[in-house]
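Engineer: Residues per chain, in single letters:
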Amino acid sequence: MVKFLKPGKAVIVLQGRFAGRKAVIIRCFDEGTRDRPYGHCLVAGILKYPKKVIRKDSAKKTAKKSRVKAFLKVVNYSHIMPTRYTLDVDLKDVVSLDALQSRDKKVAACKETKARFEERFKTGKNRWFFTKLRF
Amino acid sequence: MVVAKKTKKSQESINNRLALVVKSGKYTLGYKTVLRSLRNNRGKLVIISNNCPPLEKSAIEYYAMLAKVGVHHFNGNNVDLGTACGKYFRVCCLSIIDPGDSDIIKSMPGDQ
Numbered sequence: 001m002v003k004f005l006k007p008g009k010a011v012i013v014l015q016g017r018f019a020g021r022k023a024v025i026i027r028c029f030d031e032g033t034r035d036r037p038y039g040h041c042l043v044a045g046i047l048k049y050p051k052k053v054i055r056k057d058s059a060k061k062t063a064k065k066s067r068v069k070a071f072l073k074v075v076n077y078s079h080i081m082p083t084r085y086t087l088d089v090d091l092k093d094v095v096s097l098d099a100l101q102s103r104d105k106k107v108a109a110c111k112e113t114k115a116r117f118e119e120r121f122k123t124g125k126n127r128w129f130f131t132k133l134r135f
Numbered sequence: 001m002v003v004a005k006k007t008k009k010s011q012e013s014i015n016n017r018l019a020l021v022v023k024s025g026k027y028t029l030g031y032k033t034v035l036r037s038l039r040n041n042r043g044k045l046v047i048i049s050n051n052c053p054p055l056e057k058s059a060i061e062y063y064a065m066l067a068k069v070g071v072h073h074f075n076g077n078n079v080d081l082g083t084a085c086g087k088y089f090r091v092c093c094l095s096i097i098d099p100g101d102s103d104i105i106k107s108m109p110g111d112q
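In order, the protein sequence lines correspond to chains Y and A. Position one of the first sequence corresponds to residue 1 (the UniProt record's numbering), numbered consecutively onward. Position one of the second sequence corresponds to residue 1 (the UniProt record's numbering), numbered consecutively onward.
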């Protein structure tokens with residue numbers, strides 16, 4: 001019995017507006033809280049995946065195609081599907097529960113998450129995470 | 001892959017062990033609670049009937065692979081598994097949380 005729902009685990013959101021999107025767990029609340037008496041976690045995911053970049057794309061086009069749009073969500077454990085992949089992007093300082101309290105804090109946190117995701121995508125690592133799940 | 005034909009004897013022994021778990025240990029029945037027990041690391045062994053829907057079966061096997069928990073494919077359908085647990089309803093999958101006096105976890109580490 002290994003604990004596998006840990007920060008850094010790549011998951012797939014199953015329900016809601018972001019169903020089918022890949023996300024990474026930032027913070028887990030295994031026991032739940034007063035407002036949410038069930039196991040849940042804070043995830044940062046990809047809303048718009050980067051498009052496929054080909055060799056003959058110009059630099060301007062590559063930059064445009066490599067853009068990522070991110071989302072933040074607090075999601076119930078039963079609404080995510082854990083995978084065997086991990087994504088070790090340090091988002092703990094950027095994404096926190098109070099970033100989700102107000103709209104402008106959330107937008108700022110999403111922008112920072114987007115920047116971190118984009119720089120990870122450009123290194124070419126974690127390619128599975130940045131490809132769209134086909135279904 | 002050739003799977004050895006389950007002998008009558010080992011099937012009985014699984015049933016005996018399961019009966020002992022039901023009597024003395026803790027377990028949960030049903031897909032939702034099995035996944036929950038795997039998520040919060042309480043599940044120690046998962047037993048799946050042979051007519052479990054394939055999507056649920058593969059989901060449980062994947063969770064069990066992540067949690068490093070053994071999965072045992074029961075040689076019988078959900079009616080038989082329910083009977084083996086001493087229940088009057090069908091059981092597709094169950095998770096053993098605390099084996100009690102039984103040695104089911106040690107003797108069936110799970111066969112894929």
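Calculated from the structure, these hints are not laboratory results. Keep in mind that a hint or two might mislead.
Claimed, not checked - As a list, the in silico DSSO-like pairs of lysine-lysine whose alpha-carbon atoms are at most 30 Å apart:
| # | chain 1 | residue 1 | chain 2 | residue 2 |
| --- | --- | --- | --- | --- |
| 1 | Y | 6 | A | 87 |
| 2 | Y | 61 | Y | 3 |
| 3 | A | 87 | A | 9 |
| 4 | A | 32 | Y | 73 |
| 5 | A | 23 | Y | 132 |
| 6 | A | 32 | A | 57 |
| 7 | Y | 3 | A | 26 |
| 8 | Y | 6 | A | 9 |
| 9 | Y | 65 | Y | 52 |
| 10 | Y | 73 | A | 26 |
| 11 | A | 9 | Y | 64 |
| 12 | A | 57 | Y | 6 |
| 13 | Y | 132 | A | 32 |
| 14 | Y | 73 | A | 87 |
| 15 | A | 26 | Y | 92 |
| 16 | Y | 3 | A | 32 |
| 17 | Y | 125 | A | 68 |
| 18 | Y | 56 | A | 9 |
| 19 | A | 68 | Y | 132 |
| 20 | Y | 6 | A | 23 |
| 21 | Y | 3 | A | 9 |
| 22 | Y | 73 | A | 68 |
Treat the numbers as computed from the prediction; the structure is a model and nothing was measured.
Engineer: Let me make sure I understand: some of the numbered hints might not hold for this structure. Which ones are they, in numerical order?
Structural biologist: 1, 2, 5, 8, 10, 11, 14, 15, 18, 20, 21
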